[in-house]
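Asker: Sequence:
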Amino acid sequence: MLKPLIISIILLFSFQTIYAQKKYINRKVAQKNYDGYLLMTEKKYHEALQLFDEAISDDSEAFFIYQNRALCKLHLKDTIGAIADFKTNINLEPNNAETRYALGNIYKHWKDSANAINYFVPAIEIAAEDFSQTKLVYMSQFAGNYYRLNEKYDSALVFYNRVKQYTPENASVYINCAVCSFYLDSLDKFCANLEKAFVLGGDINCIALSAYCNGCTHLLEARGHTDTLSRALDTRLAGIISDTIYYRQPKNRRYDFLEKNNNRKVKVYFNENWQICLPEKASYYREAFWTKALNNFGGEFKDYYITGELFATGRLERTKIVGDYAEYYKNGNPKLHAQFNHTQPIGIWNYFLKDGELDMKIIFKNETFEIKIINKNNPNAEITSGTGSFEIVTEKWKDLSFVLKGEFLKTNRNGVWTYQQNDEIILKEKYKNGKFRNGFVESDFGRLPLTKSGIQGHIFIPPHLTQINALYFSSIEAARHYSFIKRVEIEY
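Just so we're aligned, residue 1 is where the sequence shown starts under this note's numbering, counting upward by one.
No lab work stands behind these hints: they were computed from the structure.
Note that the Cβ used here is the ideal one computed from N, Cα and C, for glycine as well.
Fair warning: there could be bad hints in the mix.
Claimed, not checked - Label pairs and their calculated CB-CB ranges:
#, residue 1, residue 2, range
1, 46, 389, 47 to 55 Å
2, 61, 131, 34 to 42 Å
3, 50, 114, 52 to 60 Å
4, 424, 81, 57 to 65 Å
5, 305, 347, 32 to 40 Å
6, 399, 166, 32 to 40 Å
7, 308, 357, 22 to 30 Å
8, 185, 424, 33 to 41 Å
9, 224, 380, 14 to 22 Å
10, 222, 308, 51 to 59 Å
Take the sequences, apply the hints, and build the full model.
Answerer: Encoded structure:
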């Protein structure tokens, strides 16, 4: 891993004018620095280091020598020494953006993002007009991602907008901007960025654009009339538009009803397949506030078994589930303890057995996840060794089971992974030694190929939450029973 890092850094200093700040340079010191640099080009690093040491001993304020000695130490695998020399160079030459870029790059390769950002951001701010645009894009993209993943969306947008300036045809940066705009409650900017990403060929589908924006018809010519039936969706949008790729909704049609009431506490009943139904046909019910502006549930909610036992608790903000979420067995014992960030699974989810014993954990890391089996009697216990197959039922309704199947080889995804509804495969992907090879998704429009994995953290979102949010009714009679719902979906 050292060689690529050295190569990327050595380009920073080739043929630089390095005598800009120090007024007086001892000729012998400069000659030793130059001779050391020539020895480095011949890969004689030990001899070069000796000359650099002598030059610094003669003039400890010759800031430019610390740069070259840092590079030499990197070649000799003395990364700690290189960092010290780069830092000394910054102390002597505070406006050296190249050295800050080099230090940031070292910390980035160490996966120390906090330190990397401390050097990249100042480098961006002090970079001269002739500074490498490629490096500015690289640092700005990293800074944007860092702040986005740490939920500092305003700061992320500052750097993503820089990337836009340099690479205006890059669909990916518009998706990043869309995500930030969504969490900043700027729907107009969310749609504008989403539409631009669609035009540029990003993984944005017409379903998503129709759900949140003005559809895709007016954008097709600019996109090039590519396949509009695709359900492929960039994984960064998981949790915002979480159900267009992995969860098939029943066929339905729309009915409009007059809304008569403002925001109020409501009680809505659901059948065994989580469709809104008449009270006498219910298996569950929800008590929550109905938000008039969103035409959906809002704030804290409690779901119950029809017999009165608590089924689940959670909180909604702008129809997105946030914070702690919990499910319970009828006997009152916990079934699931989970956390969400705007419908995106985060943290550690704990799954329990009916007797209250901990069964397994799902550990979410950004868009990926790790399965950790706790109960030794769990049929999937073999994967605790890092190798083995598993089959997890994420949720079970009366007539429908949601099942994730896969296998690991030395902790890496391997072989065939599927997400199924009963025996029907919805997602199928193939891996080799942890690398995604190919896959497909079965949609209402047929089988569609995948260019990247769709089996990410959102696969564990309880499907009934998606079903509830979509407001599916079991019958016209049920829809008429809930007159406060402005627009409803009715299955036929």
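Asker: With reference to the structure, classify each hint as holding or not holding.
Answerer: Going through the hints against the structure:
{"no.": "1", "hint": "46 - 389: 47 to 55 Å", "verdict": "holds, 52 Å"}
{"no.": "2", "hint": "61 - 131: 34 to 42 Å", "verdict": "violated, 25 Å"}
{"no.": "3", "hint": "50 - 114: 52 to 60 Å", "verdict": "violated, 35 Å"}
{"no.": "4", "hint": "424 - 81: 57 to 65 Å", "verdict": "holds, 60 Å"}
{"no.": "5", "hint": "305 - 347: 32 to 40 Å", "verdict": "violated, 27 Å"}
{"no.": "6", "hint": "399 - 166: 32 to 40 Å", "verdict": "violated, 53 Å"}
{"no.": "7", "hint": "308 - 357: 22 to 30 Å", "verdict": "holds, 25 Å"}
{"no.": "8", "hint": "185 - 424: 33 to 41 Å", "verdict": "holds, 38 Å"}
{"no.": "9", "hint": "224 - 380: 14 to 22 Å", "verdict": "violated, 45 Å"}
{"no.": "10", "hint": "222 - 308: 51 to 59 Å", "verdict": "holds, 55 Å"}
Of the numbered hints stated above, those contradicted by the structure are hints 2, 3, 5, 6, 9, listed in ascending order.
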